[in-house]
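**Q** Chains U, X, A and G supply the protein sequences, listed in that same order.
If you read the first sequence in the numbering used here, its first letter stands for residue 23, the second for the next number, and so on.
If you read the second sequence in the numbering used here, its first letter stands for residue 23, the second for the next number, and so on.
If you read the third sequence in the numbering used here, its first letter stands for residue 23, the second for the next number, and so on.
If you read the fourth sequence in the numbering used here, its first letter stands for residue 23, the second for the next number, and so on.
Each statement offered as a hint is correct.
The list cannot tell twin chains apart, which means a pair is met if one copy fits it or any two copies do.
Lysine-lysine pairs mimicking DSBU-like chemistry, simulated, CA-CA at most 35 Å apart:
#1 56 - 140
#2 166 - 101
#3 166 - 234
#4 234 - 167
#5 167 - 101
By construction, these hints were calculated from the structure, which means they are not laboratory data.
4 protein chains.
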Amino acid sequence: MLINRRHVAAEFLGTALLVMAVVGSGIMAETLSKDVGVQLLANAIATGGALLGLITIFGPLSGASFNPVVTLVGAFIDKGVSAVSVATDIVSQTTGAVAGAIVANIMFGHATFETSQKIRTGGPTWFSEVVATVGLLLIIWGGKKAGAHVASLVAAWITGAYWFTSSTSIANPAVGFGRMFSHSFAGIAPESWPMFAFMQMIGGVIGYSFIKLLFIENEVNA
Amino acid sequence: MLINRRHVAAEFLGTALLVMAVVGSGIMAETLSKDVGVQLLANAIATGGALLGLITIFGPLSGASFNPVVTLVGAFIDKGVSAVSVATDIVSQTTGAVAGAIVANIMFGHATFETSQKIRTGGPTWFSEVVATVGLLLIIWGGKKAGAHVASLVAAWITGAYWFTSSTSIANPAVGFGRMFSHSFAGIAPESWPMFAFMQMIGGVIGYSFIKLLFIENEVNA
Amino acid sequence: MLINRRHVAAEFLGTALLVMAVVGSGIMAETLSKDVGVQLLANAIATGGALLGLITIFGPLSGASFNPVVTLVGAFIDKGVSAVSVATDIVSQTTGAVAGAIVANIMFGHATFETSQKIRTGGPTWFSEVVATVGLLLIIWGGKKAGAHVASLVAAWITGAYWFTSSTSIANPAVGFGRMFSHSFAGIAPESWPMFAFMQMIGGVIGYSFIKLLFIENEVNA
Amino acid sequence: MLINRRHVAAEFLGTALLVMAVVGSGIMAETLSKDVGVQLLANAIATGGALLGLITIFGPLSGASFNPVVTLVGAFIDKGVSAVSVATDIVSQTTGAVAGAIVANIMFGHATFETSQKIRTGGPTWFSEVVATVGLLLIIWGGKKAGAHVASLVAAWITGAYWFTSSTSIANPAVGFGRMFSHSFAGIAPESWPMFAFMQMIGGVIGYSFIKLLFIENEVNA
Numbered sequence: 023m024l025i026n027r028r029h030v031a032a033e034f035l036g037t038a039l040l041v042m043a044v045v046g047s048g049i050m051a052e053t054l055s056k057d058v059g060v061q062l063l064a065n066a067i068a069t070g071g072a073l074l075g076l077i078t079i080f081g082p083l084s085g086a087s088f089n090p091v092v093t094l095v096g097a098f099i100d101k102g103v104s105a106v107s108v109a110t111d112i113v114s115q116t117t118g119a120v121a122g123a124i125v126a127n128i129m130f131g132h133a134t135f136e137t138s139q140k141i142r143t144g145g146p147t148w149f150s151e152v153v154a155t156v157g158l159l160l161i162i163w164g165g166k167k168a169g170a171h172v173a174s175l176v177a178a179w180i181t182g183a184y185w186f187t188s189s190t191s192i193a194n195p196a197v198g199f200g201r202m203f204s205h206s207f208a209g210i211a212p213e214s215w216p217m218f219a220f221m222q223m224i225g226g227v228i229g230y231s232f233i234k235l236l237f238i239e240n241e242v243n244a
Numbered sequence: 023m024l025i026n027r028r029h030v031a032a033e034f035l036g037t038a039l040l041v042m043a044v045v046g047s048g049i050m051a052e053t054l055s056k057d058v059g060v061q062l063l064a065n066a067i068a069t070g071g072a073l074l075g076l077i078t079i080f081g082p083l084s085g086a087s088f089n090p091v092v093t094l095v096g097a098f099i100d101k102g103v104s105a106v107s108v109a110t111d112i113v114s115q116t117t118g119a120v121a122g123a124i125v126a127n128i129m130f131g132h133a134t135f136e137t138s139q140k141i142r143t144g145g146p147t148w149f150s151e152v153v154a155t156v157g158l159l160l161i162i163w164g165g166k167k168a169g170a171h172v173a174s175l176v177a178a179w180i181t182g183a184y185w186f187t188s189s190t191s192i193a194n195p196a197v198g199f200g201r202m203f204s205h206s207f208a209g210i211a212p213e214s215w216p217m218f219a220f221m222q223m224i225g226g227v228i229g230y231s232f233i234k235l236l237f238i239e240n241e242v243n244a
Numbered sequence: 023m024l025i026n027r028r029h030v031a032a033e034f035l036g037t038a039l040l041v042m043a044v045v046g047s048g049i050m051a052e053t054l055s056k057d058v059g060v061q062l063l064a065n066a067i068a069t070g071g072a073l074l075g076l077i078t079i080f081g082p083l084s085g086a087s088f089n090p091v092v093t094l095v096g097a098f099i100d101k102g103v104s105a106v107s108v109a110t111d112i113v114s115q116t117t118g119a120v121a122g123a124i125v126a127n128i129m130f131g132h133a134t135f136e137t138s139q140k141i142r143t144g145g146p147t148w149f150s151e152v153v154a155t156v157g158l159l160l161i162i163w164g165g166k167k168a169g170a171h172v173a174s175l176v177a178a179w180i181t182g183a184y185w186f187t188s189s190t191s192i193a194n195p196a197v198g199f200g201r202m203f204s205h206s207f208a209g210i211a212p213e214s215w216p217m218f219a220f221m222q223m224i225g226g227v228i229g230y231s232f233i234k235l236l237f238i239e240n241e242v243n244a
Numbered sequence: 023m024l025i026n027r028r029h030v031a032a033e034f035l036g037t038a039l040l041v042m043a044v045v046g047s048g049i050m051a052e053t054l055s056k057d058v059g060v061q062l063l064a065n066a067i068a069t070g071g072a073l074l075g076l077i078t079i080f081g082p083l084s085g086a087s088f089n090p091v092v093t094l095v096g097a098f099i100d101k102g103v104s105a106v107s108v109a110t111d112i113v114s115q116t117t118g119a120v121a122g123a124i125v126a127n128i129m130f131g132h133a134t135f136e137t138s139q140k141i142r143t144g145g146p147t148w149f150s151e152v153v154a155t156v157g158l159l160l161i162i163w164g165g166k167k168a169g170a171h172v173a174s175l176v177a178a179w180i181t182g183a184y185w186f187t188s189s190t191s192i193a194n195p196a197v198g199f200g201r202m203f204s205h206s207f208a209g210i211a212p213e214s215w216p217m218f219a220f221m222q223m224i225g226g227v228i229g230y231s232f233i234k235l236l237f238i239e240n241e242v243n244a
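Can you make the complete structure from the sequences, with help from the hints?
**A** Take a look at the structure:
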């Protein structure tokens with residue numbers, strides 16, 4: 023089975039640069055401001071700015087998922103994707119995410135390897151991650167169906183979703199995994215990650231159902 | 023009479039996600055910052071980010087009005103729209119708006135059902151809602167006439183209008199209805215809603231006149 | 023001589039809504055935040071959001087200058103524009119600007135007619151207005167030459183220029199005239215307006231020279 | 023050897039206006055707010071707003087590099103560029119950057135010539151400049167390869183990168199050179215500049231390798 027090296031590099035690098043942007047701007051934000059609102063505003067705008075570029079430049083190489091849930095939903099919608107390709111993407115994304123956190127740690131003079139102590143837990147937060155993931159999936163596949171520039175939509179949506187979900191819309195098991203390695207504003211404690219990933223998978227299932235109902239051709243006749 | 027299920031789902035879901043974004047970011051904002059300016063900035067940017075995606079993805083399914091005034095003005099301009107279709111849209115929008123507020127309440131650990139105590143009243147505020155609605159309608163139909171990407175224009179306009187109208191540009195009876203069910207920054211007390219809805223209808227009539235004068239082909243000869 | 027009514031209405035309404043956005047968001051900003059940085063950030067983002075929509079929707083009707091300097095430079099570049107058309111535009115823009123300030127005053131419960139006491143004066147500020155006007159003109163005609171979406175460029179540029187010029191880039195004698203009627207953050211004292219208008223005219227002459235050198239076809243051979 | 027005057031003017035003026043925007047908004051920001059987070063947010067948004075316009079309008083004249091590293095990498099990728107052209111660009115960019123800082127100083131009533139005392143040094147900061155430069159290069163050439171509007175990508179990316187790199191992503195030896203002449207938030211002390219320029223050159227080499235691996239046609243077969 024042939025694996026395209028550029029495809030792998032794009033998922034690895036794209037996820038790495040995304041996590042670097044999320045974590046780096048989180049560290050910068052808590053260093054510069056005492057107003058947590060200003061911190062999240064900076065973190066959200068920086069993440070959106072990075073997403074626009076990364077999805078645009080890596081899209082032609084790998085589809086620019088940077089997200090195991092997006093990769094899996096994509097494989098269910100587009101039947102031609104092989105299991106090896108899915109597995110390779112998820113490994114690329116997860117290792118990329120860790121690499122991104124490490125790069126951010128080095129840039130900001132943190133310990134190269136550190137772990138988050140930021141507990142993110144509880145029913146409302148878990149429910150929020152389900153909603154966040156469903157929302158992200160609708161934006162991606164609705165945007166594709168509408169023939170829109172998906173990178174712009176995702177960048178704007180995530181900038182907003184940092185604010186309008188109580189969990190700040192991680193919505194991505196790989197990015198969440200990488201964020202475990204940051205002792206900062208943007209981190210997530212290792213003990214909180216598994217339930218986040220589980221909720222994101224549930225969001226993936228629900229999101230997939232919505233996408234079929236709303237955006238897949240000839241699925242609904244009324 | 024045939025009702026398209028995807029059309030109904032799009033108006034319901036779109037309005038729900040919009041109100042969820044408005045209310046959710048309002049709650050997050052007042053939790054994180056003590057500076058009300060920072061709160062409104064976050065609320066405005068999050069609303070704009072959500073609008074861009076939602077109008078883009080649901081536009082092809084239902085026109086993505088999410089707003090009874092927009093639906094009604096559309097029906098007056100485009101004579102082929104049936105009364106049943108208009109009524110169905112308004113019901114979808116209003117119930118969607120309430121659902122969106124409830125989802126936000128659950129995500130942020132609020133009571134599932136709660137009502138706003140935020141009184142929004144007085145001549146300047148009412149006048150502001152008329153202006154806000156006229157402005158929104160001009161942007162939508164002027165943008166269509168110009169062949170522009172209307173979702174971008176509306177997203178940017180509303181982000182600004184949260185600031186440049188004293189009523190923070192609700193400009194939407196359905197979204198206003200949903201916001202009654204949020205005891206937060208973004209709420210509107212039930213006793214304040216009717217006059218807001220009435221002013222938005224007046225804005226709809228005035229906006230419709232402006233649209234005819236400015237943007238409907240062959241209406242003006244000079 | 024035939025005057026197109028929609029053209030006149032577009033210049034009047036566009037300038038009115040622009041000044042309303044500038045003044046309204048200025049009042050809201052100083053009401054909500056004590057941090058002048060947050061105030062200007064809100065004022066700048068709101069102005070940009072309004073500009074994107076207004077230039078886009080009124081462009082096809084009147085060119086959407088909303089600015090006597092832009093109208094005059096346009097007349098020098100495009101020789102076919104009549105003196106009556108230029109004069110009508112400037113009257114529309116100036117009266118529109120005043121109307122916009124009045125609408126903002128009413129929306130925010132200020133006196134309908136009020137004047138600014140905000141002195142804006144001194145060499146650096148005047149120099150800043152020259153630079154601001156040159157910059158705006160380059161963006162408009164450079165954007166046209168490049169075949170870009172000029173409304174987006176102007177909106178983004180002005181959002182930035184509120185920050186990177188010491189005069190907050192009024193760069194528009196009509197908008198400046200309207201802002202005299204606002205006793206707020208965004209106002210300009212009547213005694214400060216004439217030198218601003220004069221500096222903007224100088225900026226217009228310099229900007230016109232740059233445009234000819236850089237963007238007018240067959241002007242430079244090297 | 024023929025040097026195109028418009029090309030030279032575009033690199034000079036574009037870099038000048040960019041540095042003016044960076045320095046001017048930095049001065050304004052530290053004047054208006056005491057929250058350093060708000061300062062950097064304003065500085066970042068103003069820089070992004072300026073970049074969108076400047077790259078768009080000067081792109082057709084000179085490619086709108088405004089950056090010696092971008093010019094050099096471009097010369098390595100596009101073999102037809104002469105050494106004289108590269109040298110002329112770098113001189114235009116560097117003198118333009120200084121001119122831009124001087125214009126900002128005059129607008130804000132600073133001494134016309136002043137130097138920064140802002141030490142930016144240390145391993146993490148230097149590493150950050152390498153990363154910042156690599157990121158910028160990937161966005162530019164990846165965006166070109168994807169057929170995207172590169173000005174939008176660069177504007178959004180840099181707005182974010184001010185936050186997610188510890189060095190605030192100067193990523194440009196010419197702009198850094200100009201910023202030495204500003205005693206402000208946005209300045210860089212003359213003794214800190216050489217290592218920044220050196221790190222940016224290293225970033226250029228690494229970025230060039232990535233671009234070849236990822237975006238140059240027929241380079242990778244897998």
